[in-house]
Amino acid sequence: MTMTLQPVNVDTGSEDHEGCLVFTDGRLAAVLVRLSDQHAGLAGQWHYEHGFGLLESPTHPVFESLDAAQEWIRHRLNQTRRDQPSLPPVIGEP
Amino acid sequence: MSESLNSRPEQERLLRKLESIVDLSAEERQGLLALPITVKSLDADRDIVRERDRPAECALVLEGFVCRYKLIADGKRQITGFYLPGDIPDLQSLYVEVMDHSLGTLTATRVALIPHDSVRSLLRRHPSLVEAFWRDTLIDAAMFREWMIGLGRRDAYARIAHLFCELFVRHRAVRLTNGDGFDLHATQAELGDALGLSTVHVNRVLQDLRKDGLIALRGKRLTILEWDELKRAGEFDPLYLHLKSADLAE
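First to last, the sequence lines map onto chains A and B.
Read in order, the letters of the first sequence correspond to residues 0 to 93 in numbering that gives the first Met the number 0.
Read in order, the letters of the second sequence correspond to residues 0 to 249 in numbering that gives the first Met the number 0.
Because the hints were derived from the structure by calculation, they are not lab data.
Bear in mind the structure is a predicted one, so any value in this text is a computation, not a measurement.
Backbone N, C-alpha and C fix where the C-beta goes; we use that ideal spot for every residue, glycine too.
Hints are not guaranteed to be accurate.
Some residues of chain B that are not near chain A, with every Cβ distance over 10 Å (derived) [stated by the list, open to error]:
1) S6
2) A33
3) E50
4) P54
5) A55
6) A131
7) T198
8) D207
9) R220
10) E234
Derived DEER-like restraints, expressed as beta-carbon distance ranges [stated by the list, open to error]:
11) A/T1 to B/G74: 53 to 61 Å
12) B/T222 to A/N77: 46 to 54 Å
13) A/D24 to B/I138: 32 to 40 Å
14) A/Q37 to B/R49: 35 to 43 Å
15) A/D24 to B/D73: 40 to 48 Å
16) B/R53 to A/T1: 50 to 58 Å
17) B/K219 to A/S56: 44 to 52 Å
18) B/S40 to A/H74: 36 to 44 Å
19) A/G43 to B/D73: 47 to 55 Å
20) A/G43 to B/K219: 55 to 63 Å
21) A/H74 to B/N177: 44 to 52 Å
22) A/D66 to B/R220: 38 to 46 Å
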């Protein structure tokens, strides 16, 4: 799996707008946003704003760096993929 | 050492709470105040009772702020309710012997532990207190429904506005408000654990609510500046709290 990053401006409805799109194998997988001074102790860190597919998560961790965020995403994808039972494809209703 | 509520300065708390939702006779008030209690002081972030415990007593909150919660995988926590002085959040342990969740303190808290046997004997003597406690439990269930609607269908701004409205009305019902404000003993992380939001989201919304002039938050003091606007933002209708008097709800 290859992971690429692309800077982007995000409208979070707050002062946090410096964002980053995370692509895995060319597909948009997650959006990270750099926290502004509005967040005092967390300013400058990266907030996991949203994840798609296997990266969808009810929790929104904060990472010290983009490297740390990518590591977490890689770890999570490995874990999630391993946990998936291999079910036969569903074709219509029984 | 055992004492009774009669000897405590906080004795009115339980009565105020119950009388906000039912009428009590003089005998019932007396019976409640004569319940034997053991007072326990806890620091913030301590458990009062834990999942799988089999308590032999109920905890009446005398002072402080308490949450009902469940721990899920990798140590994450979902808070499913906040409780204030006058509440008995584990009343259900009277009839459901094993705790299926935990109760913890969010600030320094004092609780009065009341033996189940004493509560049962009081309820046998005053059957209408059974109705009072049942009503309280049903209102607790109504709060869960509102929270569930919030988690499933309200955005972050509405969720927080709704919670602030609920907490304000409940604090006022037990006379723990001061003007238009009350002390909010929950951190942003704890609000997030209750509302399914990250600390970052909570922080953003709190700043929006302030910027929009709906609330002021200084230290622990939460002041509601625009009640009607806050109610509208949170789609808050106090009906589900089933307070006896309309004055308490509005």
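Quick rundown of the hints versus the structure:
no.	hint	in the structure
1	S6	holds (45 Å)
2	A33	holds (47 Å)
3	E50	holds (20 Å)
4	P54	holds (30 Å)
5	A55	holds (36 Å)
6	A131	holds (37 Å)
7	T198	violated (8 Å)
8	D207	violated (7 Å)
9	R220	holds (19 Å)
10	E234	holds (19 Å)
11	A/T1 to B/G74: 53 to 61 Å	violated (32 Å)
12	B/T222 to A/N77: 46 to 54 Å	holds (48 Å)
13	A/D24 to B/I138: 32 to 40 Å	violated (52 Å)
14	A/Q37 to B/R49: 35 to 43 Å	holds (37 Å)
15	A/D24 to B/D73: 40 to 48 Å	violated (27 Å)
16	B/R53 to A/T1: 50 to 58 Å	holds (54 Å)
17	B/K219 to A/S56: 44 to 52 Å	violated (31 Å)
18	B/S40 to A/H74: 36 to 44 Å	holds (42 Å)
19	A/G43 to B/D73: 47 to 55 Å	violated (26 Å)
20	A/G43 to B/K219: 55 to 63 Å	violated (27 Å)
21	A/H74 to B/N177: 44 to 52 Å	holds (48 Å)
22	A/D66 to B/R220: 38 to 46 Å	holds (40 Å)
This entry does not satisfy hints 7, 8, 11, 13, 15, 17, 19, 20, going by the numbered hints stated previously.
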